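Asks: Residues per chain are reported as follows:
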Amino acid sequence: MFAYVVKRLLSGVVVLFLISMSVFLLFWYGPSEPAQTICDRDTSNRCTPARLEVFRENLGFNNPWYEEYGTFMKGVVAGREIQFGSTKVFECPAPCLGYSYRTKAPVFEEMKDRMPATFSVAIGGAFLYLTLGIPIGVAAARRRGTVTDKALVSSFLVISSIPYYLFALLTWLFLTISWEIPLFSETGYFPITENPAKWFSGMALAWFALGAFGCTTYTRYSRGSMVEVLNEDYIRTAKAKGLRDNTVVYKHALRSALVPVITIFGIEFGTLLAGTIFTERIFNIDGIGLWALQAVNQRDLPVVAATALFGAAVLIISNIVVDVIYSVLDPRVRLS
Amino acid sequence: MTITSPSSASSPTDVDGPYLQVEDLTVTFPTQDGPVQAVKGLSYSVELGKTLGIVGESGSGKSVSSMAVMGLHDAKSSEISGSIRLGGTEIVGLSESRMRKLRGNAMAMIFQDALAALHPFYRVGDQLAEAYAMHHPKASKRDGRRKAIEMLDRVGIPQPDRRVDDFAHQFSGGMRQRVMIAMGLINDPSLLIADEPTTALDVTVQAQILDLLQDLQREFNSAVIIITHDLGVIAEMADDVLVMYAGRCVEFGTTKEILTRPEMPYSWGLLSSIPEVGASTDARLIPIPGNPPSLLRPPSGCSFHPRCSHRDKVPGDLCFTELPELTPASNRAGHLKRCHLPNPEEIYLTEVLPEIAPDLAEETR
Amino acid sequence: MSQDPNAKVGIDASEIGANAAETGERDLSHHAPDVVDDHEVVKAPLDFHELAELGHAATALNPLAEPIISVDNLKMYFPVKSSGLIRRTVGHVQAVDGVSFEVPRGGSLGLVGESGCGKSTTGRLITRLYKPTGGSMMFEGKDLAKLSNSEMRPLRRDVQMIFQDPYTSLNPRHTVGTIVGSPLAVHKIVPKDKILPRVQELLEVVGLNPEHYNRYPNEFSGGQRQRIGIARALTLNPKLLVADEPVSALDVSIQAQVVNLLQDLQREFDIAFLFIAHDLAVVRHFCPEVAVMYLGKIVEIGDRDTIYGHAHHPYTQALLSAVPDVKQAAIGGRRERIRLEGDVPSPINPPSGCRFRTRCQFAQEICAKVEPPLLQIGQRHKVACHFAGELGAHPATPVTTDLLGVDDQGTPVPGATPTNKQLTIPGYEDTWYDLKSKHTTGV
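Residue numbers (UniProt numbering), protein chains in the order written: chain A, 1 to 336; chain B, 1 to 365; chain C, 1 to 443.
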């Protein structure tokens, strides 16, 4: 198991390496001119061609990409110095992901500041949709074929076919604006360390939107998986032993039914942790997703690169975690 | 509601006559295309210490009827009528909670594919102990484990104290079926239903399992129902044989009767379509033409008539129009057949036997 | 277990509002209730005598037939990898370890043994689903074992396979016509417009309604699907068919239909069969010659009467004694059964000497020391046992000592010259070692 995790982590590093390289190539061969952006913003009046050329030179765009990639990688490992314009030099300690063109702050520091917000959204939302979705799915599977089951599944299918951003927007419009429910009155991220109650009420609506929307999907996943498992021979064996229905369902069936649900969850939770753009944008939460969105809009390439790498890393780790959970749930899975 | 204690439910002492009596059992599944009658008017009985073999093809209702005895059909998606008396207790219509006290206790079932029938995620010892604990609420965890090891030892699993912590996939096919049997017998049931217990196994392992089942039956004096499509298994195991076709009993009798003097063309077909290791090489392999009938639209009259190659010997179109009754066979008590043929014994001896067993036909003459 | 999230969604969507299959009856879910008989050509039941005429007795041996394939010392070792960071090969599964046999042209050889004995691997080697580790397979003057995959390609037409499970071996999304006709399209043998007539002809040959070429496999019952699998194997007019448990997944009455069909096809098209099955009775009926395998080796091979009537290897005897015998039991008797204890040992680390010795009641010291050669002891009979003899008449001392140049304990006798030369000959010789006289005799 340990060897397996090490092996997966090593291959994950290789993947990150490839992703960082391809993101880097976009700096050089992508359609936008990063120096132009920073030149426009840095110069209070006008970006002359001469100034632009200075920025190009400082940012290293006149060097071959692999040289600059080497500098970047060295920065990640050992830190480096970064020069903006002709005079300003910034110290960037390891792990240096560069400086934001927009804020002139170390990208890594900015990312660290935003992580709690994104993690709060993701963990709360995922907790909500799992604790709602799986039990509802199991209940529907037990009543499969009945009117309740069909009504539930079809109405959930309708909800999950609404685009998520529309769903989130509607919850905000109704719960905050129209009905003015006090809990949802002020959305946004407030550090939990400063004011837990405020943190909670700020997050509540985002959680609700994510939870309610995600739960429809997870209800269908777990229902489908559960229906399949309930038809397995070993479930019949369990019944033939004289076990109670609840024992059969929750002890024998649920454990098997969770395996495919966890696969999906692992991947989805990874993307949630990497930033929920719509949720953060609509509920005004200053997390990784919103940050990435702004960076893309403003061609803040170091930030774009950092968010892409962060997303990839989170996905790789969550996949490893899923595989380890598998091997715990299913003794037949031998990690090697 | 009074709940009989587990021990009294499994005690066979207060029973007169057969331990299991099934009368006029009908199992219907409503489907979108209409009701499917998987079992129709089935009656049989099994005494303690005796073995009943049920033979038939897939879809003949042999498994469905036994699942009905175990009460394993979902009440919402099946209708069961008729009477099933287990040790004197009527179990059709019995409440689920009382049924549960019997299941795995007074009666147990072992299934065909032990790999699929054992839970892949739990240690076999835990699965066995769970079956024990369910019907022995006062037993401690250690009692359950001790009982599990004892049963694994009893069914011939080497090093049971170590294997008790293994998972189903770590056993070989034969050993897995032994685990299944240990689980079935852990509460000393008076009725054991074995559904194709050896179908997926090699002959050598099959022989071991059949021997084991016979030993255990002698030891526990239980009534056994063995469901199979393999007449060889029937020949070795059963005292009585019930031949099922399209949900109905088409022939019933002692094993010797059914295998040597069958009186129903379907039974003849079964005998003529299996080759024998000891038979003459001149014996022909004569298949039953066609396929088993659809249960949604069963054939009129005798359900076997579309595949029957002897129906020209029945006067008129009786086979097409009228379902034959289950009537006593020629002159032998206890042997029943469902067929319009007026002289089945003669047809079997003069026409069928010479083709499928020329050597036996010589002897009989 | 499905771990594909998309697959899960697919199942879900189709389930809404449709629960027709949930009758609780497993048999029904396999056989769709609307499967009707009209797929088959043969209709109105024949009169019993006509029916009996269509049934076949056991296939007879043609002793003069030339071999179509000659397998010599065939080996297949699968590497076993260690776990951990660097996966080293830590051993080999000796799935097939030096088997030699011949299949006569237009005849059939049965391959029997317990699961894991290597019989299926042997079949897969002959169809070159695997490339053998060693040995040769001479077919029409070419060694199939040495050919590259591209050189093998034209020969695949001649060697086809029938699989066990008719439910999983047919692609459910292809029509029967596509399944049966695809080999023609792949090998570009006939023009496109000639494919359909050929497909219909094949369907008719295997007893299915030729008009149903555009149906899907799920509309057919198990026996009918196996017929489709047979039609697919026949498409390219093969000379050799490897049938791996072709009837064991079928109902009893259907098994006989398929066995009779295979016998018909063999006669009509002169196809040779390597018939792999665990059902000794079916093999006896279909194959005039039978090889018994144990742990990757052939322990006994011979014609039907010899193997079933005068088996000399304790393993063959044990296998045969385990088969339930309907007629014997019906008369009231039951053969004495030889109980084999335990399971087949691991093929990664097989026992030394004779591989069967760990479960053999006659095993002595020599069995652990020296591997018994597959010795020809009759006109069409070879056995690999130091104590070869009929049931109840196994000799007390090893019969192979003179040939191997060892004493009764298996220790080499100084100065003795082993005279054994028959180890790897695929077919039979005109002379053989007579067990009674301990001399080489001939016809």
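I should point out that these hints are in silico values taken from the structure, not numbers from a laboratory. Remember, it's a predicted structure, so these values are computed and weren't measured experimentally. Do not take every clue at face value.
[Stated by the list, open to error] List of simulated lysine-lysine pairs, DSSO-like, C-alpha gap at most 30 angstroms:
| id | chain 1 | residue 1 | chain 2 | residue 2 |
| --- | --- | --- | --- | --- |
| 1 | A | 7 | A | 104 |
| 2 | B | 138 | A | 251 |
| 3 | C | 188 | A | 7 |
| 4 | A | 112 | A | 7 |
| 5 | B | 141 | A | 251 |
| 6 | A | 7 | A | 150 |
| 7 | B | 141 | B | 50 |
| 8 | C | 239 | C | 81 |
| 9 | C | 194 | C | 131 |
| 10 | A | 251 | B | 313 |
| 11 | A | 150 | B | 138 |
[Claimed, not checked] Computed beta-carbon distance windows for the label pairs:
| id | chain 1 | residue 1 | chain 2 | residue 2 | range |
| --- | --- | --- | --- | --- | --- |
| 12 | B | 137 | A | 112 | 33 to 39 angstroms |
| 13 | A | 14 | B | 188 | 47 to 53 angstroms |
| 14 | C | 171 | A | 151 | 48 to 54 angstroms |
| 15 | A | 250 | C | 54 | 41 to 47 angstroms |
| 16 | C | 173 | A | 250 | 33 to 39 angstroms |
| 17 | A | 332 | C | 174 | 49 to 55 angstroms |
| 18 | A | 146 | C | 185 | 43 to 49 angstroms |
| 19 | A | 331 | B | 83 | 41 to 47 angstroms |
| 20 | C | 174 | A | 186 | 31 to 37 angstroms |
| 21 | A | 163 | C | 346 | 55 to 61 angstroms |
[What the hints assert, rightly or not] Which residues of chain A face chain B? A partial, calculated answer using Cβ under 10 angstroms:
| id | residue |
| --- | --- |
| 22 | 64 |
| 23 | 67 |
| 24 | 69 |
| 25 | 71 |
| 26 | 74 |
| 27 | 145 |
| 28 | 255 |
| 29 | 330 |
From the three backbone atoms N, C-alpha and C, an ideal C-beta is built for every residue, glycine too.
Asks: Would you mind marking each hint as holding or not holding in the structure?
Replies: Verification of the hints:
For the suggested pair residue 7 (chain A) and residue 104 (chain A), the alpha carbons sit about 37 angstroms apart, so the restraint of at most 30 angstroms is broken. Between residue 138 (chain B) and residue 251 (chain A) the alpha-carbon distance is near 21 angstroms, which keeps this suggested pair within the 30 angstroms criterion. At most 30 angstroms may separate the alpha-carbon atoms for a hinted pair to count; residue 188 (chain C) and residue 7 (chain A) exceed this at roughly 46 angstroms. For the hint pairing residue 112 (chain A) with residue 7 (chain A), the CA-to-CA distance comes to about 27 angstroms; that is within 30 angstroms, so the pair holds.
Note on residue 141 (chain B) and residue 251 (chain A): the hinted pairing holds, with a Cα-Cα distance of about 17 angstroms set against a maximum of 30 angstroms. Of the pairs offered as hints, the one joining residue 7 (chain A) and residue 150 (chain A) is violated, with about 45 angstroms between alpha carbons and a cut-off of 30 angstroms exceeded. In summary, the hint linking residue 141 (chain B) to residue 50 (chain B) is not supported, as the alpha carbons are separated by about 34 angstroms, beyond the 30 angstroms threshold. Only pairs whose Cα atoms come within 30 angstroms are accepted, and residue 239 (chain C) paired with residue 81 (chain C) is rejected, the gap being roughly 38 angstroms.
Pair hint residue 194 (chain C) plus residue 131 (chain C) does not hold up; C-alpha atoms about 34 angstroms apart against a cutoff of 30 angstroms. The straight-line distance between the Cα atoms of residue 251 (chain A) and residue 313 (chain B) is roughly 58 angstroms, outside the 30 angstroms bound, and the hint therefore fails. Among the hinted pairs, residue 150 (chain A) with residue 138 (chain B) is inconsistent with the structure: their alpha-carbon atoms are about 42 angstroms apart, more than 30 angstroms. A beta carbon spacing of about 56 angstroms between residue 137 (chain B) and residue 112 (chain A) contradicts the range 33 to 39 angstroms that was offered as a hint.
For residue 14 (chain A) and residue 188 (chain B), the Cβ-Cβ distance of about 59 angstroms falls outside the hinted range of 47 to 53 angstroms, so the restraint is violated. At about 36 angstroms, the CB distance of residue 171 (chain C) to residue 151 (chain A) disagrees with the hint of 48 to 54 angstroms. Taking the beta carbon of each, residue 250 (chain A) and residue 54 (chain C) are about 56 angstroms apart, not inside 41 to 47 angstroms as hinted. Checked against the given bound of 33 to 39 angstroms, the beta carbons of residue 173 (chain C) and residue 250 (chain A), roughly 37 angstroms apart, stay inside it.
For residue 332 (chain A) and residue 174 (chain C), the hinted distance range of 49 to 55 angstroms is not satisfied, since their beta carbons lie about 32 angstroms from each other. Taking 43 to 49 angstroms as the suggested C-beta distance range, the pair residue 146 (chain A) and residue 185 (chain C) conforms, at roughly 48 angstroms. The supplied range of 41 to 47 angstroms is met by residue 331 (chain A) and residue 83 (chain B), whose beta-carbon atoms lie about 44 angstroms from each other. At roughly 60 angstroms, the beta carbons of residue 174 (chain C) and residue 186 (chain A) sit outside the given window of 31 to 37 angstroms.
At roughly 57 angstroms, the beta-carbon separation of residue 163 (chain A) and residue 346 (chain C) lies within the given 55 to 61 angstroms, and the hint holds. Interface restraint check: residue 64 (chain A) against chain B, minimum CB-CB distance 55 angstroms, threshold 10 angstroms, status violated. Interface hint status for residue 67 (chain A): violated, as the beta-carbon distance to the closest one in chain B is roughly 54 angstroms, over 10 angstroms. Checking residue 69 (chain A) against chain B by beta carbon gives a least distance of about 47 angstroms; that is not within 10 angstroms, so the hint is violated.
A least Cβ separation of about 51 angstroms between residue 71 (chain A) and chain B goes past the 10 angstroms threshold, and the interface hint is therefore violated. Annotation: residue 74 (chain A) was flagged as interfacial toward chain B, and the flag is violated, the nearest CB pair being 48 angstroms apart, outside 10 angstroms. With 10 angstroms as the threshold, the beta carbon of residue 145 (chain A) comes within range of chain B, its nearest partner Cβ sitting at about 7 angstroms, so the hint holds. Evaluation of the residue 255 (chain A) hint against chain B yields a held restraint, the C-beta minimum of about 5 angstroms falling below 10 angstroms.
Restraint check, residue 330 (chain A) versus chain B: the minimum CB separation of about 6 angstroms is within 10 angstroms; hint holds.
The structure does not agree with the numbered hints 1, 3, 6, 7, 8, 9, 10, 11, 12, 13, 14, 15, 17, 20, 22, 23, 24, 25, 26 stated previously, though it agrees with the rest.
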